[in-house]
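2 protein chains.
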Amino acid sequence: MIVPDVTLELAQWVVQLRPQDIPDDVRREGVRTFVNWLGCAVGGANHETVDRAMAAVTQFCGPQQATVIGRPERLDVLHAALLNGISSHVLDYDDTHLKTIIHPAGPVASAALAVAEQRSISGARVLDAMIVGIEVECRIGNSIYPDHYDRGWHITGTAGVFGAAAATARLLGLDQQRTAWALGLAATQSAGIREMFGTMTKSFHPGRAAQNGAMAAYLAESGFDSSERGIEALRGFANIYSNKQDYNEILGDLGRRWEAALNSYKPFACGIVIHPTIDGCIQLRNELGVSGDEIESVALRTHPLVLELTGKKTPKTGLESKFSVYHAASVALLKGDGSPEAFTDSLATDAEVIALRDRVSAEPGEGIGEDQVVISLRLRDGRVVEKRIEHAIGSVKRPLSNSELDAKFMRQSSLVIGEEKAGALLNAAWQVAEAGIVGDILGHSAPA
Amino acid sequence: MIVPDVTLELAQWVVQLRPQDIPDDVRREGVRTFVNWLGCAVGGANHETVDRAMAAVTQFCGPQQATVIGRPERLDVLHAALLNGISSHVLDYDDTHLKTIIHPAGPVASAALAVAEQRSISGARVLDAMIVGIEVECRIGNSIYPDHYDRGWHITGTAGVFGAAAATARLLGLDQQRTAWALGLAATQSAGIREMFGTMTKSFHPGRAAQNGAMAAYLAESGFDSSERGIEALRGFANIYSNKQDYNEILGDLGRRWEAALNSYKPFACGIVIHPTIDGCIQLRNELGVSGDEIESVALRTHPLVLELTGKKTPKTGLESKFSVYHAASVALLKGDGSPEAFTDSLATDAEVIALRDRVSAEPGEGIGEDQVVISLRLRDGRVVEKRIEHAIGSVKRPLSNSELDAKFMRQSSLVIGEEKAGALLNAAWQVAEAGIVGDILGHSAPA
Numbered sequence: 552m553i554v555p556d557v558t559l560e561l562a563q564w565v566v567q568l569r570p571q572d573i574p575d576d577v578r579r580e581g582v583r584t585f586v587n588w589l590g591c592a593v594g595g596a597n598h599e600t601v602d603r604a605m606a607a608v609t610q611f612c613g614p615q616q617a618t619v620i621g622r623p624e625r626l627d628v629l630h631a632a633l634l635n636g637i638s639s640h641v642l643d644y645d646d647t648h649l650k651t652i653i654h655p656a657g658p659v660a661s662a663a664l665a666v667a668e669q670r671s672i673s674g675a676r677v678l679d680a681m682i683v684g685i686e687v688e689c690r691i692g693n694s695i696y697p698d699h700y701d702r703g704w705h706i707t708g709t710a711g712v713f714g715a716a717a718a719t720a721r722l723l724g725l726d727q728q729r730t731a732w733a734l735g736l737a738a739t740q741s742a743g744i745r746e747m748f749g750t751m752t753k754s755f756h757p758g759r760a761a762q763n764g765a766m767a768a769y770l771a772e773s774g775f776d777s778s779e780r781g782i783e784a785l786r787g788f789a790n791i792y793s794n795k796q797d798y799n800e801i802l803g804d805l806g807r808r809w810e811a812a813l814n815s816y817k818p819f820a821c822g823i824v825i826h827p828t829i830d831g832c833i834q835l836r837n838e839l840g841v842s843g844d845e846i847e848s849v850a851l852r853t854h855p856l857v858l859e860l861t862g863k864k865t866p867k868t869g870l871e872s873k874f875s876v877y878h879a880a881s882v883a884l885l886k887g888d889g890s891p892e893a894f895t896d897s898l899a900t901d902a903e904v905i906a907l908r909d910r911v912s913a914e915p916g917e918g919i920g921e922d923q924v925v926i927s928l929r930l931r932d933g934r935v936v937e938k939r940i941e942h943a944i945g946s947v948k949r950p951l952s953n954s955e956l957d958a959k960f961m962r963q964s965s966l967v968i969g970e971e972k973a974g975a976l977l978n979a980a981w982q983v984a985e986a987g988i989v990g991d992i993l994g995h996s997a998p999a
Numbered sequence: 552m553i554v555p556d557v558t559l560e561l562a563q564w565v566v567q568l569r570p571q572d573i574p575d576d577v578r579r580e581g582v583r584t585f586v587n588w589l590g591c592a593v594g595g596a597n598h599e600t601v602d603r604a605m606a607a608v609t610q611f612c613g614p615q616q617a618t619v620i621g622r623p624e625r626l627d628v629l630h631a632a633l634l635n636g637i638s639s640h641v642l643d644y645d646d647t648h649l650k651t652i653i654h655p656a657g658p659v660a661s662a663a664l665a666v667a668e669q670r671s672i673s674g675a676r677v678l679d680a681m682i683v684g685i686e687v688e689c690r691i692g693n694s695i696y697p698d699h700y701d702r703g704w705h706i707t708g709t710a711g712v713f714g715a716a717a718a719t720a721r722l723l724g725l726d727q728q729r730t731a732w733a734l735g736l737a738a739t740q741s742a743g744i745r746e747m748f749g750t751m752t753k754s755f756h757p758g759r760a761a762q763n764g765a766m767a768a769y770l771a772e773s774g775f776d777s778s779e780r781g782i783e784a785l786r787g788f789a790n791i792y793s794n795k796q797d798y799n800e801i802l803g804d805l806g807r808r809w810e811a812a813l814n815s816y817k818p819f820a821c822g823i824v825i826h827p828t829i830d831g832c833i834q835l836r837n838e839l840g841v842s843g844d845e846i847e848s849v850a851l852r853t854h855p856l857v858l859e860l861t862g863k864k865t866p867k868t869g870l871e872s873k874f875s876v877y878h879a880a881s882v883a884l885l886k887g888d889g890s891p892e893a894f895t896d897s898l899a900t901d902a903e904v905i906a907l908r909d910r911v912s913a914e915p916g917e918g919i920g921e922d923q924v925v926i927s928l929r930l931r932d933g934r935v936v937e938k939r940i941e942h943a944i945g946s947v948k949r950p951l952s953n954s955e956l957d958a959k960f961m962r963q964s965s966l967v968i969g970e971e972k973a974g975a976l977l978n979a980a981w982q983v984a985e986a987g988i989v990g991d992i993l994g995h996s997a998p999a
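Those protein sequence lines, which keep their order, are chains A and B. For any residue, its number in this note's numbering is found by taking its place in the first sequence, counting from 1, and adding 551. For any residue, its number in this note's numbering is found by taking its place in the second sequence, counting from 1, and adding 551.
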């Protein structure tokens, strides 16, 4: 088999793409991606996970070059990228490229924004670099998915570092060779494993991918060389990290087929595979108006990945509860909620939630897709009610509208920076392409 | 199969081991490891690779907490660990755990020294932490080698991050749970691929492993949690990174069998697998006294890994030439040299070296071990001379003596910091266990 020059050709595209080559609909989706990511970064900013990361890194930080979104601190570019990547993912509320389950913006936008602040770059250039980075990230993901993910890699970390490197390389104005080196330095830092799901280390993955991808491009800028075949070489990324290598997914129809336009935004703050269950349980609660006591049992038939990824029977913390379809179903039925407040430490240990959670069962159902579920509710009065979700809210078939994104943004960020600042930040975020210097937007994100 | 609690048990050992539990011979080898590593870090300190890394990171560095060995700069702990890891490996002249081809000290000592400077820790404690870190690193390497390496991983990076995390955790005084978290954070950052051999990015691997391992422990110190089963879980390190998982190599005879005592030190500044060839060619040169013109051809029968790892036919840079058995044989025959000066950009492009290099052939020989080679020299006068190396110099069977380590140290570090400072540094290095504060030793390493 003749292997194409994947790394060099991809680098060429990153370098040569002109702003006018990005179609309007792709850029519109890019703005939605940016707005959603920024809201999540603010929403997660005062999570204990972010506090502890901040406590660890403060002793090493350099000049105050970039904003830590939703917090008073400013850090050097690399640490700001790390922290923003963590905060934007810690609530599991961000965005999803459904073909690969990559959460694209965390690694890419966290890097691009911090770099752009240091170099005083316009919002329009940052937006385009973010779109390019997400395209690189999702295409590399497509080339190795699903084998790569099935092996146990957290693809948001492993593919994300390439996206962060590509976006940063573009912002730094690297040439083709140095962009290829940056991709090589990304390849050799690609990391993140699924065992970490349910711990603080999960959100470390997009943060570190952002930081490492940015570092890759800065090293290349300084002439630190690397392989120009980091992705496709025999002992390169794709062969080591996956049994599947479909390079046409990376190079095919570059600039015509846009993976960045397929991004979706989570309506619920947890693993995407339990969204159909939450959607259906909230609908059942609204339709039936029953209390937890009236429910005898809940039987779920789901996609097989649901149990592999979110099968925790007895979560003990808020972060663990995001990986429990049982917890999510219980809270959706009891509270009608799938927002960040549905996955707190206190709800994970709430007696009523636990009592109903333990009456939820789940098994893989034949022909059930990733955005589907069949829920059977058995009530104490003998009734059995079944609800089938064909396409969960937030999926490509039922995307969040701009006003739903607004509501999501305001709800989570008002809790952190207050309603007034959240409103100003939201307004500035929608106007990102008009910002002369992108750092001006982030000025609205500091808490009062 | 019942999988033991590898991560937690290993963490317990790291935490509980007392200084008196380390046997004298193990600690003696630890001192030799430290002396050799320090000399290599000085020797590589003004390499272009280090200059370029420094140029990239300076803009982000924090407080001047730790020494960049052999250079005037002081950087924050994390960046100093990165730079020292790069400089100590860039000449491919460091140490080798021959069972796994791990170069143990780069990741571990680079982290431990920088951390110890920040926290004003004694030489004795640093030495013990380094020994413990190397033990963890090599045992994890043993558990997955050779499948892991054969797949394309650069095991010095992938296993090294665990060693750096373990050493740092011990220096920070973390408890068992937090040490397990540090190992989990190491697992999820484990990286480095073999495609990078021959570029600056190869030495980035031990540097980044040092930095990332240290970061893992600092995060754990701040309560940033992680899996406590990062090594052995189904979607954990060992299962994802290798088809072989022999946990007995990690937990068996802990504290009785010491991998750290098996370290070896390179007599030549290149990949270990071509050392038998260089050893034999230098012997042939000394015995025959022939010039390059008098040699018609050189035929090598080697271990199969030699061609896989060092089969570059036409290296164009000094770094590439370290991965060319042809270049190494040519220079050894022409100059009698395998030191860093045998692998410079100018020798890689030298006409005489290239002319003889192109008359060297190599093929795998049946029954040839990794520390063996058979060299057939055909001379223009018709003679054929054969040399068989049973155990190359520097191998476990023919270790470098302390005075050979002295000579190696002085030769490479005098070039960078001058003979006087090199002598003082060497003397201080042998006394590491007596240093009240380990940073005092490194004060001798700055160039005049």
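Calculated from the structure, these hints are not laboratory results. Be aware that one or more of the hints could be misleading.
The list cannot tell twin chains apart, which means a pair is met if one copy fits it or any two copies do.
Computed cross-link-like contacts, DMTMM-like style, restricted to lysine to aspartate or glutamate with a CA-CA straight-line distance of at most 25 Å [unchecked claim]:
no. : residue 1 : residue 2
1   : Lys972    : Asp804
2   : Lys795    : Glu859
3   : Lys864    : Glu914
4   : Lys795    : Glu871
5   : Lys867    : Asp932
6   : Lys795    : Asp698
7   : Lys795    : Glu955
8   : Lys972    : Glu859
9   : Lys972    : Glu892
10  : Lys938    : Asp888
Note that the coordinates shown come from a computational prediction; the quantities given were computed from them, not determined experimentally.
Note to self: Run through the hints listed earlier and report the numbers of any the structure violates, in increasing order.
What the structure shows: Hints 1, 4, 5, 7 and 8 contradicted; others consistent.
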